[in-house]
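> Chain by chain, the residues run as shown.
Protein chains: 2
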Amino acid sequence: MTGWIAVAGLGPGDEGLVTPEVSAMLAEASDVVGYIPYVARVALRAGLTAHPSDNRVELDRANLALNMAAEGRRVAVVSSGDPGVFAMAAAVFEALEARPDPAAFDIRVLPGITAMLAAAARLGAPLGHDFCAINLSDNLKPWDLIERRLRLAAQAGFAMAFYNPRSRSRPHQFARALDVLREECGGGRLISFARAVSTPEEALQTVTLAEAVPEMADMRTVVILGNPDTRRIGRFVYTPRVAG
Amino acid sequence: MTGWIAVAGLGPGDEGLVTPEVSAMLAEASDVVGYIPYVARVALRAGLTAHPSDNRVELDRANLALNMAAEGRRVAVVSSGDPGVFAMAAAVFEALEARPDPAAFDIRVLPGITAMLAAAARLGAPLGHDFCAINLSDNLKPWDLIERRLRLAAQAGFAMAFYNPRSRSRPHQFARALDVLREECGGGRLISFARAVSTPEEALQTVTLAEAVPEMADMRTVVILGNPDTRRIGRFVYTPRVAG
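Chain order of the listed sequences is A and B.
Those letters in the first sequence? Residues 0 to 243, by numbering that gives the first Met the number 0.
Those letters in the second sequence? Residues 0 to 243, by numbering that gives the first Met the number 0.
Bear in mind the hints are in silico, worked out from the structure with no lab data behind them.
Predicted model, so just to flag it, every value in this text is computed and none were measured.
C-beta atoms are modelled at their ideal positions from N, C-alpha and C, and glycine is treated no differently.
A hint or two may mislead.
Stated by the list, open to error - Computed from the model, here is a short list of chain A residues facing chain B with C-beta under 8 Å:
1. PRO19
2. PRO110
3. LEU116
4. LEU126
5. ILE133
6. PHE157
7. GLU182
8. GLY185
9. PRO199
All chains should be modelled from the sequences, with the hints used to inform the complete structure.
So this is what it looks like as structure tokens:
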């Protein structure tokens, strides 16, 4: 098989956060596959065919990429952020696992700046101590498991980054998540809402858990909850390295 | 104050993983501050002064940067990986907090590709589901807290990334961490050791917890423990998106 797949992260939005490795790969690709707004971020050129697809069809998209690679195409599978964090890399390996000849495929994963790290940088250093990343969507896991994880993560003293906090199809769950976090962490804990970081629509807001309301998040927001030591210094939010 | 500080991440080692944003900032800086091997990664040029320092002097380094910015210098504080993940950003804010005039400083944090994401990309997609990042060094927190976090993270079903798993000054703790993880997760869980990812010294190894020994890690290794669903497919390790 002469074709290949590169599963690549485009970072949060700004061109200055796309790695040179990813840019070089895109210059060699024959096809680019991904969710519509992410494919739209790749500059088209002669010899590069775009295959944009809708949300929630990750396995179809992964299979399209595998089929094209098998035909000798050089396929970029693009995600926002990092492809390994709640993005396309796991979907590609799920699709690969179902193939009779997984070893025949030439697959690389190219890392990117994931949303929580871009948001954390903008906010200051809220993830400066141990932390966890939780996808709040229950498309692929039961809500009970999410609640259990929130409680255990709070008991562990992790700062937490939440991906997919809220969408039109799940309007009520994030309110429940905030209630669970208030129960476990108290109302004084700092929580930051970072929307569309590094794009013209960027918006940052930090409040206490007592002040937090679900409407502060939407599909383009990553939410970062501090640990018990997280504090403000001027416009910044940071978590000290020391604990205990 | 006309000077500034940019706390920047250089990524795991390869030039192709340094963001254009960081490269552009380095081209404007007058001074570069950081741990010796990280400062050595910045190409010196006329007008750029290097201030390399030894490990474990993060606050001294942060204060040097603040002092130079107050004198009008344009100061790059460089870390490997991402500056907000067990690196210099939190130390800079700790130093800032002790100043009488924190609002007078122009500080930016520029994200980078942190070690766990570079390692995960090389391995496949081991962080494809909810995960946590834990610094295993007890320089800044008690070991009991680390053990407690390991147990709660295991009970939550997180994949886990471990930074600073082992050093010459702490030769025995990583063995203890592996024992705790075996107790909580059983011997069959996959664990990957990713050393010096993206450098000429890169080495990857994946074994079960039963097979893991402390000597598989050193100061340049990030360790990734899978969740209960993490599995191999050919040379890759991945964690499915679905759980529960």
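> Next, verify each hint and record whether it holds.
Hints, verified against the model:
1. PRO19: Holds, because the Cβ-Cβ distance from PRO19/A to chain B comes to roughly 5 Å (cut-off 8 Å).
2. PRO110: holds, 4 Å
3. LEU116: holds, 5 Å
4. LEU126: holds, 5 Å
5. ILE133: holds, 5 Å
6. PHE157: holds, 6 Å
7. GLU182: Violated: closest Cβ of chain B sits about 16 Å from GLU182/A, beyond 8 Å.
8. GLY185: GLY185/A check fails; min Cβ-Cβ to chain B is 18 Å, beyond 8 Å.
9. PRO199: Nearest chain B Cβ about 16 Å off; hint violated.
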